[in-house]
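J.: For the sequence shown, our numbering begins at 52 and goes up steadily by one.
Don't read these hints as lab results, they were simulated from the structure.
Note that the structure is predicted; figures quoted are calculated from it, not measured.
Treat the hints loosely; a few may be bogus.
In silico EDC-like links for lysine to aspartate or glutamate, alpha-carbon gap of 16 Å or less [what the hints assert, rightly or not]:
| id | residue 1 | residue 2 |
| --- | --- | --- |
| 1 | 228 | 416 |
| 2 | 228 | 442 |
| 3 | 228 | 206 |
| 4 | 228 | 411 |
| 5 | 228 | 428 |
| 6 | 228 | 68 |
Pairwise CB distance ranges, derived in the manner of DEER restraints [said to hold, decoys possible]:
| id | residue 1 | residue 2 | range |
| --- | --- | --- | --- |
| 7 | 292 | 440 | 36 to 46 Å |
| 8 | 145 | 388 | 47 to 57 Å |
| 9 | 386 | 72 | 18 to 28 Å |
| 10 | 111 | 418 | 43 to 53 Å |
| 11 | 66 | 411 | 41 to 51 Å |
| 12 | 64 | 137 | 19 to 29 Å |
| 13 | 400 | 164 | 38 to 48 Å |
Backbone N, C-alpha and C fix where the C-beta goes; we use that ideal spot for every residue, glycine too.
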Amino acid sequence: GAAGTASVGDASTLTIESGVTLFGNTGQDYLVVNRGSDIRALGSAANPVIFTSEADLRGSQPAPDQADGEWGGIVILGSAPQNRCLSGSAFGTDSCQQRIEGVSSPDALYGGDDANDSSGVLRYVQVKYAGFELTPDNELNGIAFGGVGDGTVVEYIQVHNNADDGVEFFGGTVNAKYLVLTGNGDESIDTDNGYQGAIQYVIVNQINGRGDNITEQSSVAAASGVLPSDPLIANFTFIGTDGDEVFRSNSGSIGRLLNGVIVYENGCFAWDASAGDGDNTSFGGVGVDPSFSSVQADCGTNGAGLTDSDPETVAAVEAAAAAPNSTFNTALPVINTLISTFINGATETAAVATDLTAIDPFFDDTDYIGAVENANDTWWQGWTCGLPGGDEC
52 GAAGTASVGD ASTLTIESGV TLFGNTGQDY LVVNRGSDIR ALGSAANPVI
102 FTSEADLRGS QPAPDQADGE WGGIVILGSA PQNRCLSGSA FGTDSCQQRI
152 EGVSSPDALY GGDDANDSSG VLRYVQVKYA GFELTPDNEL NGIAFGGVGD
202 GTVVEYIQVH NNADDGVEFF GGTVNAKYLV LTGNGDESID TDNGYQGAIQ
252 YVIVNQINGR GDNITEQSSV AAASGVLPSD PLIANFTFIG TDGDEVFRSN
302 SGSIGRLLNG VIVYENGCFA WDASAGDGDN TSFGGVGVDP SFSSVQADCG
352 TNGAGLTDSD PETVAAVEAA AAAPNSTFNT ALPVINTLIS TFINGATETA
402 AVATDLTAID PFFDDTDYIG AVENANDTWW QGWTCGLPGG DEC
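Input sequences plus hints: build the corresponding full structure.
T.: Structure, rendered in structure tokens:
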């Protein structure tokens with residue numbers, strides 16, 4: 052177990068073999084992998100690497116379904132670009148760095164100019180019951196990626212019952228595949244500070260009474276030559292209950308969602324007027340409106356999810372609802388035919404998928420929407436917990 056902040060020093064590699072369990076017992080127990088170092092957490096489907104709390108291992112949680120914040124979390128810091136530079140440095144330079152939130156050390160810095168930076172490998176990793184608030188709005192996530200580059204491998208990752216966000220990307224270019232995000236207390240996926248990565252195959256399952264937006268995009272305001280937060284998320288299934296919205300886009304952010312399924316009791320969208328304006332004006336030459344392709348959504352009666360009646364926000368939401376091969380249903384009864392909560396049924400199977408091959412070379416070419424094609428698609432089994440039909444946590 053970790054006693055206090057565990058930090059991998061310069062030019063060091065932390066290797067964790069399959070089947071290993073690491074634990075902490077307070078919010079001050081967290082793992083930081085600094086720039087110049089890397090982590091190799093090499094689990095397998097049968098024997099994932101597990102990060103959890105001492106209370107979980109001892110079986111002393113009074114209510115495991117609602118347990119969270121029992122230890123800190125994981126922080127990985129790299130040298131890829133981010134856009135919130137400390138004073139005196141310029142975007143796109145190796146000195147454009149920032150302090151990561153949730154960590155008390157002022158030396159926990161991330162960012163630089165190496166988009167291909169590698170912080171190692173995270174494969175078949177489960178993170179449970181983490182999250183800690185150092186100060187208000189300064190919190191540890193299940194896994195925080197700060198300026199992590201696309202030389203890093205992130206695949207088959209679950210974050211369960213984190214007190215704050217499941218995963219948060221602070222800038223960087225790291226890509227990810229096969230994410231399972233369950234029961235997290237704030238956003239499931241949060242992107243900030245010019246994140247420019249791609250994510251494919253994502254299951255989000257919120258628990259009743261837990262969770263805010265499923266995704267949230269934020270960044271510094273538009274400026275010439277400064278990249279926005281622009282995540283690409285494909286083949287996702289988002290299931291939510293009583294959180295705020297599915298997709299929250301704030302200033303300085305774009306985002307594109309493709310080949311997805313949404314079932315959510317509340318609103319689909321919330322745009323800040325500074326994020327989407329319905330007419331694709333530019334952010335340093337890049338269109339600013341979030342976009343959707345082949346997304347089938349069942350949302351609540353406030354399905355537009357408008358935070359106000361700003362006409363630009365209304366126009367952006369209307370444009371999303373008219374996206375190619377997409378359906379946004381905002382009235383009961385729901386139209387999805389999902390099996391066991393997140394596996395495609397007849398309606399999802401019949402949907403027309405968007406060709407991903409020309410969008411980003413990281414994406415696999417799929418001909419279906421959603422994270423799980425059918426009952427024979429079992430990538431989520433064996434290494435996760437807390438999903439319907441799966442293992443208990």
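J.: Hint by hint, work out which the structure violates, then give me just those numbers in ascending order.
T.: As far as the earlier hints go, 2, 6, 7, 9 and 11 are violated by this structure, in ascending order.
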